[in-house]
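Please work from the sequences and hints to get the whole structure.
2 protein chains.
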Amino acid sequence: MKVAILAPVAWRSPPRHYGPWEQMASNVAEGLVALGVDVTLFATADSATAGTLAAVVAQGYEEDRTQDAKVLECLHISHLMERAGEFDVIHNHFDFLPLTYSRLIPTPMVTTIHGFSSARILPVYEKYAATTAYVSISHADRSPRLPYVATVYNGLRLPDFPFTAQPDDYLLFFGRIHPDKGTAEAIQIARQSHKRLLIAGIVQDAAYFRERVEPLLSEDVVFLGPAGPAQRQQLLGQALALLHPIGFDEPFGLSVAEAQLCGTPVIAFARGAMPELIQSGRTGFLVDTVGQAVEAVQQVGQLSRGACREWAAANFSQQKMAADYLAVYQRIVRH
Amino acid sequence: MKVAILAPVAWRSPPRHYGPWEQMASNVAEGLVALGVDVTLFATADSATAGTLAAVVAQGYEEDRTQDAKVLECLHISHLMERAGEFDVIHNHFDFLPLTYSRLIPTPMVTTIHGFSSARILPVYEKYAATTAYVSISHADRSPRLPYVATVYNGLRLPDFPFTAQPDDYLLFFGRIHPDKGTAEAIQIARQSHKRLLIAGIVQDAAYFRERVEPLLSEDVVFLGPAGPAQRQQLLGQALALLHPIGFDEPFGLSVAEAQLCGTPVIAFARGAMPELIQSGRTGFLVDTVGQAVEAVQQVGQLSRGACREWAAANFSQQKMAADYLAVYQRIVRH
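Protein chains in written order, with my numbering: chain C, 15 to 349; chain F, 15 to 349.
Bear in mind the hints are in silico, worked out from the structure with no lab data behind them.
Just so you know, these numbers come straight off a predicted model, no measurement behind them.
It cannot be assumed that every hint is accurate.
Just so you know, same-sequence chains aren't split out, so a pair can sit in one copy or run between any two.
What the hints assert, rightly or not - Straight-line distance between alpha carbons at most 30 angstroms, and here's what the computed DSSO-like set of lysine-lysine pairs gives:
hint, residue 1, residue 2
1, 334, 16
2, 84, 141
3, 334, 209
4, 16, 141
5, 334, 84
6, 209, 84
7, 16, 209
8, 141, 209
Here it is as structure tokens:
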């Protein structure tokens, strides 16, 4: 089977630092190559793949801000569309714009909806619901207004998240500093548990950081700033537990899967995709309040870190994701 | 011949107030209908045409700012592209994005380049140079990097600009208040000519207005603010001359054509499309300096207002524009 993977061109694929959609497009492409699939990755020219790279955009528009994003986007998308006849299936990771070319080409298209930036983009998905196959990244993230052919969870590269059998004694908050992610609640949980808390992430909401986080920093509540790949694996792996007391219905939650891959259980508020990502009582705890989270911290040391690793490796690996997508392609192409 | 006209969807077609690209798309469509052509105008649903209206966008994104412009654009463009097989030719007034669908459809496309918002959009035009026919709105506005099949001047509705044989004694500045349009130079010319100056237009550059225009306002230099259609025809028609001392290479200059249609000669700096729009010494004067413009004001009363009208009606009418475009379509379709 000849597969074209359409990555966004905000960043290169895989991204050097940030770029979750590019990361997943890359993980799918490399996972399919490992399965023996003939993969062409449409991405920026500075991207890397074990398959074939197809590129007309030299560098991502977020990496060279002098460029016109709309120009790059439409040149990149049309480059693939004009070559559509070469492929058995096109797998779109590039939001809604590619959909609007899909009825003009002979090749079936699978679109992973990585997120809805706004309800205003739904009409495009609705228009193309009959002619493209939508994949959700969790059951929780499905729009009731759209049909889906499958849910395929985000898959991670196992070597990036090695198992750590023996943790340190700290709790970890890992993510954007923003009310959505519950940084302030994580501090409450840690203080009431008399545990050390490490906080890693970019400050997305400066007022929230200033008012709700910064005044509570101490020897036991430490803000580390953003963490790169090497520090990330160490922080995640050596934590007693990841605290994830989110304030919104999170569509997935990469750090939740990453922590478990390292063997670290997760204590999360039971919203969004959390019930799909965590086996409560086995690989972490789903709770509704800070008080319940404090109780969970007392029990978290009894969970098997090996079970966390096994669960995450079975469900959130690059290999599993690639195999699931290959099954989707086979269903689509057969039609 | 079945023609699809693709208008932008920032405003309705024709626009209620502002919207020059929508105005020209509408003028082409209505002019073609008058020539007996089967025209479908792809525009906002609140648009008006004597042909067939095709619309999926209820209202322009500039008229209802709660909408996502990119969503409206791609739904609007793909609506036409998916119906491309119904038409002999598609005439694109919608900038570069529609070009990127053009190789996926069987119908030839003519694209009027109404302006380059930035040099960064040129790569899209270059990519599609071999497969779409570009029309410039003046010889002066041509990019040396692109091939063109024709220049077709903007065409105006003659009833909107009635001839005025006997003018008043004022000079007129008509356009955006901006250094590009030379408001300050127009004031100098009027003062040195001891003539009254009326200034009509939106303030686009507030600092320029505050520093270079406002301090010079007086009983003889009057700022009127923006003028609607009714006031516009009166202001243009009753002026002794329109002053157009531009500071940039203007691609066309609608007010220059409009003034002449009303019988009013134009004194302009000889830049951009001005040598194409004005017959110097007959329908106005092309000059290079404020001093030369002052000399021109002394002579402008001797020009025949009838000659201005005739020249503009022959070259810048809706009828002429529609006939010119029909000839372009016939050349393209025959290929």
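task = Could you check the structure against the hints above and give me the numbers of any it violates, in ascending order?
result = 3, 5, 6, 7, 8
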